[in-house]
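Protein sequence lines correspond, in order, to chains P and Z.
Each residue of the first sequence is one higher than the last, beginning at 1 in the working numbering.
Each residue of the second sequence is one higher than the last, beginning at 1 in the working numbering.
Please note: incorrect hints may appear among the correct ones.
Partial list, derived from the structure: chain P residues whose beta carbon lies under 10 Å from chain Z [claimed, not checked]: (1) Phe-186; (2) Arg-282; (3) Thr-322; (4) Phe-325; (5) Arg-327; (6) Pro-329; (7) Ala-331; (8) Asp-353; (9) Ala-355; (10) Glu-358; (11) Leu-386; (12) Ser-388; (13) Glu-392; (14) Ser-400.
What the hints contain is simulated information worked out from the structure, not anything from laboratory work.
Idealized CB from N, CA, C, for every residue including glycine.
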Amino acid sequence: MLIGIDLGTTNSAVAIWQDGEAVLVPNALGELLTPSAVSVAAGGQAWIGRSALDRLAAHPQDTATSFKRLMGTAATARLGSQLGGKDYAAEDLSALVLSALAADVEALTGERPTEAVITVPAYFNDRQRKATRRAGELAGLAVRRLINEPTAAALAFGLQDKGDREPFLVFDLGGGTFDVSVVEMFDGIVEVRASAGDNRLGGDDFDHALAAFAKPRIDPEARLDALPADRREALLKRAAESCRRALTTAPEAEFAVVLGEERLTGTITEAEFESACEPLLRRLREPVVRALRDCAIDASELSEIVLVGGATRMPVIRRAITRLFGRFPNASVHPDHAVALGAAMQAALLGRDAALDEIRITDVCPFTLGVEVAEQDGHGGLQRGLFSPVIERNTPVPVSRVNTYSTLGNNQKTLEFGIYQGEAREVRGNVKLGHIAIPVPPRPAGEVSAEVRFSYDSSGLLEIDVHIPVNGTERNLVIVDEEDRPGRKELDERRAALARLKFHPREDAAHVALMARAERCYEDHIGDVRQAIGHWITLFAGALDTQDPRSIADARAVLAARLDEVEGSSPL
Amino acid sequence: MSAPWSILGIGMTADTAAIRKAYAARLKAMDVDRDVEGFAQLREARDHALRLARGMAAAATEEAEPIDEDAEFEPEFGPSPEAPARWTYAAPELPGEWSGAQPLAARPGEPDDTTMLGRMAWAAAAAREGVSGAGIPLTTIDPFTAPFLPGNHAADDALGLRPGESPAERLAILLDPESAAASEPLSETEARQATRALRKILDDAAQAHITRAQQIEDWLAEVLARGWPRSAPLLEDANAAFGWEREWAAHDARPGVAFLGARLRGYRFQQNVLQPGHRYHKAWNELARPGKAGLFRMLRKPAQGDVDGLLRGVRKNFPELETHFAPDRVASWEGGNPFAAGLLVLLGVIALGVVLALADSPSGRRSTLEHDSWAAMQAAVEETFGEGHDPSWLWDRQPELAGLLNAQARDLLENGQDQSAVVRKSVEIVRGRSFLNGRELPGADLDTAMTLRLAQLRAARAQSDAACIHLRNSGVLDGITPVPPELRGKEREFAAHLAETGKLGRPQDHGERTAMVPGELIDEVVDTTRLSHDKVREAMSGKGDDATGCAVTIALLDRTLAWKGANRREILMTL
């Protein structure tokens with residue numbers, strides 16, 4: 001079975017194509033969104049999703065969130081308590097989330113999915129895409145296609161009525177990344193005209209900005225600085241999140257952190273929040289301008305501004321967008337669901353589903369790909385490290401282009417090509433994807449030429465061929481399969497390591513999540529309320545020990561009601 | 001039927017819907033992943049057909065000549081960079097209070113040779129400015145038709161606004177390249193007015209929606225580019241507001257923005273290099289002084305390396321800054337080694353003569369200083385390399401080292417140190433280089449370098465264990481340790497030998513090195529030092545106290561020199 005997955009920074013979701021439409025699949029708690037959070041305790045016991053997120057309060061050192069931002073980097077998180085713990089790369093943690101989503105599909109349909117379409121931010125670079133693909137493989141899913149998130153959202157938006165649409169703009173601000181795509185629909189063709197983005201801008205950054213602004217106010221004596229960094233960050237992040245959420249409905253909100261037996265609080269107004277985010281809001285403009293410029297469409301010609309991504313719920317963002325375009329955006333698609341639904345539609349397209357027979361989608365490569373070259377400058381010197389584009393950004397994919405380069409030195413023995421992705425004129429400002437070296441016959445400078453062909457397919461797989469016409473030498477480099485791709489054996493080992501983690505049985509999910517939530521509430525409160533929550537936890541643990549389903553169910557209902565009451569009256 | 005229509009499978013048409021329909025039908029019939037080339041062709045044909053269709057539609061409505069389908073590919077060139085930039089007052093109708101800025105030469109409706117100038121003209125200008133730095137991009141944007149709603153602007157003294165004048169208009173007037181003051185920098189008042197006007201315009205852009213903000217951005221880029229170099233102090237603010245900085249580095253930066261980016265970077269460099277602390281400050285001053293460089297340029301402030309570096313950097317990055325240099329002076333510095341053969345002999349005599357001649361002139365002190373440093377260099381080279389060697393000998397063999405020693409001498413003297421300090425520093429530098437470079441050489445040179453280091457370590461140890469460890473770790477003697485005359489003699493001999501063979505260049509950094517030390521050698525070290533095995537091993541891995549560390553280092557060096565085992569060289573190279 002082929003499923004569509006939105007692997008998000010904050011939340012993930014999975015959808016399947018059923019009876020001619022895309023449907024979201026609920027998780028074990030009955031929720032359509034699964035927080036992208038993983039928690040691993042010392043013994044290898046693991047939590048994924050809501051319960052893992054709730055454990056962040058009490059066990060920050062065991063819990064990882066927002067790991068999508070580290071995708072494609074060597075950074076790892078050590079989970080399972082500092083000492084006996086293991087290091088997890090972003091793709092390992094993502095694989096755990098992906099397999100939890102696959103399990104949800106299995107629970108609903110009785111069939112274990114084997115293939116997936118996974119969404120990535122349009123502006124994810126080649127390394128980040130590779131890492132996402134590996135995460136799918138680690139989770140036992142063959143990744144049939146990586147599809148850009150705004151493209152998926154555009155599918156979900158555009159296929160609502162399958163009618164023609166003048167160019168519209170998808171404004172996708174997620175937890176960690178920002179994408180803009182200009183899309184057009186006519187005669188069943190969904191055509192992405194241009195994409196641009198910032199893969200380091202998202203809702204998380206607004207939380208950080210808010211926390212940085214509020215911290216001196218609630219903690220003038222810098223007492224939080226005495227805490228370990230991960231614990232302090234976790235406290236501030238959660239406080240910022242709930243304060244930001246409260247600000248979506250009220251002109252001011254409390255920013256509160258519980259430190260030991262004390263609550264540090266302060267009031268933040270909407271205007272203060274807006275001014276704290278000012279530098280971030282300004283960064284929204286550039287990708288919009290670039291995408292519009294690249295497809296030569298004026299902002300006034302756009303038929304709609306479609307909002308996608310949880311962060312677009314923030315009133316400050318909506319105001320900024322309204323100011324940016326001089327009109328109100330369209331909020332008709334569900335900002336958290338559209339991407340997963342679009343992924344399921346892409347899956348159906350790949351499966352040649354009859355309902356989508358007359359639909360085609362074409363996307364673009366959102367960044368420029370090219371090679372490193374050197375050039376003679378006007379004063380006889382050699383300028384090295386220049387970037388020579390082969391595939392320009394926003395070229396429709398799949399695409400295959402050839403450029404010809406020649407030798408610079410007399411009797412040069414090899415031609416070396418660094419392969420880069422990016423927009424900088426000098427390669428050091430771009431991302432290096434690979435390297436190819438090819439021996440050439442010794443000839444005077446400029447007499448040996450090489451034809452370099454770049455082929456970029458619909459999934460973002462880049463392949464490079466170099467051909468030397470003088471003697472017919474050929475070299476081929478499939479970027480994805482070359483350098484950083486770990487061997488089959490290593491992947492198997494890592495998959496086995498992940499499989500050794502212990503998970504709670506699916507039927508226990510509800511009370512595991514409730515217990516995690518109770519622990520979080522305990523951390524969030526002080527004094528009598530905290531003592532009471534501690535007592536309730538003991539009672540619930542006692543009920544669990546009986547292993548009697550009925551008394552567990554009763555105790556769960558009681559505890560849930562009590563926590564609802566506490567949280568309902570809590571300012572947090 | 002030409003190519004796009006045959007690929008699309010339709011006849012020539014101005015109906016864009018029909019073109020898209022044909023494209024959609026073809027696309028649905030193909031598997032783009034299997035037929036990449038076919039997809040590219042289809043897409044190209046569609047885009048081409050749409051362009052032609054729009055051209056036909058435009059031609060039909062305007063009743064003008066049909067647009068040549070290849071017109072957009074023909075480059076158009078603006079005026080040559082030498083010709084003065086021309087203002088084109090192309091947009092005539094300005095409402096109400098803007099009437100003060102009535103266009104001077106409006107020719108509405110008439111095809112103007114500037115109307116087709118767009119990107120291509122900028123591109124042509126940008127291509128030229130790479131060489132001359134003087135090309136000013138020309139577009140159809142009229143500086144006096146700023147994309148601002150003409151609000152009711154009251155007279156504003158702070159901005160220097162007359163009634164009805166907008167900040168944009170004020171800015172355009174201040175930066176008008178046709179004005180009488182265009183070649184002068186902005187006066188203080190003008191700069192203040194311009195900055196305030198710019199601020200108002202930027203505030204407006206920040207609040208505006210994206211289309212208008214872009215119009216403002218394009219307009220401002222144009223006005224600033226035309227107003228260059230008068231606009232230089234305004235560039236930073238405009239850059240910060242529009243994020244031009246990120247665009248400059250892009251391979252496809254808009255030519256106008258790229259032009260401003262290059263100017264601003266040059267301007268920043270110039271501001272920095274005029275600060276005395278800047279690395280190339282002296283080189284800049286030297287090159288900016290009119291006239292040829294004299295015989296004493298070697299003795300003047302900048303080292304040849306700095307001048308070369310400055311010239312290279314300026315030519316690569318800010319070609320327009322070269323106009324600040326005196327061509328004669330650049331030419332004489334580019335001549336290479338200043339000690340041209342026949343002049344060498346006379347150098348000392350002339351130096352003295354000139355010093356006397358200039359003694360009363362305002363620059364007399366400077367010349368005296370040059371003389372001091374020359375004498376100090378003489379003494380330093382003699383002490384470092386032995387009698388019979390002088391600076392010009394060193395310059396011929398190791399110009400980089402000569403430059404370094406000269407710069408050192410200059411700095412020390414300028415900071416009130418005397419000649420002996422110059423000599424000490426020079427000996428120290430060469431001692432360090434002799435060791436570091438000698439260690440990389442094969443055979444006898446390696447042995448000599450290590451034997452000398454052994455003697456130096458012993459001399460230092462005689463002073464204190466701390467001095468010995470200091471020498472081992474930093475490669476420099478502590479300055480108190482007396483060096484026996486016999487050792488100094490050998491050092492001089494070795495240094496002169498290395499300089500003669502050109503081996504005293506800048507030492508390479510080889511990073512951390514490791515070598516296996518065989519047990520027999522360790523046994524010998526243990527025997528020599530009478531320390532326990534454990535202590536010796538501890539010291540060899542960098543632990544233990546100074547006395548032990550020093551003793552073990554000396555013993556190991558001594559024993560290795562006498563030893564003939566396999567990795568003798570590797571061990572020596574780690575010491």
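Hints not upheld, ascending by number: The structure conflicts with hints 6, 7, 8, 9, although it agrees with all the remaining ones.
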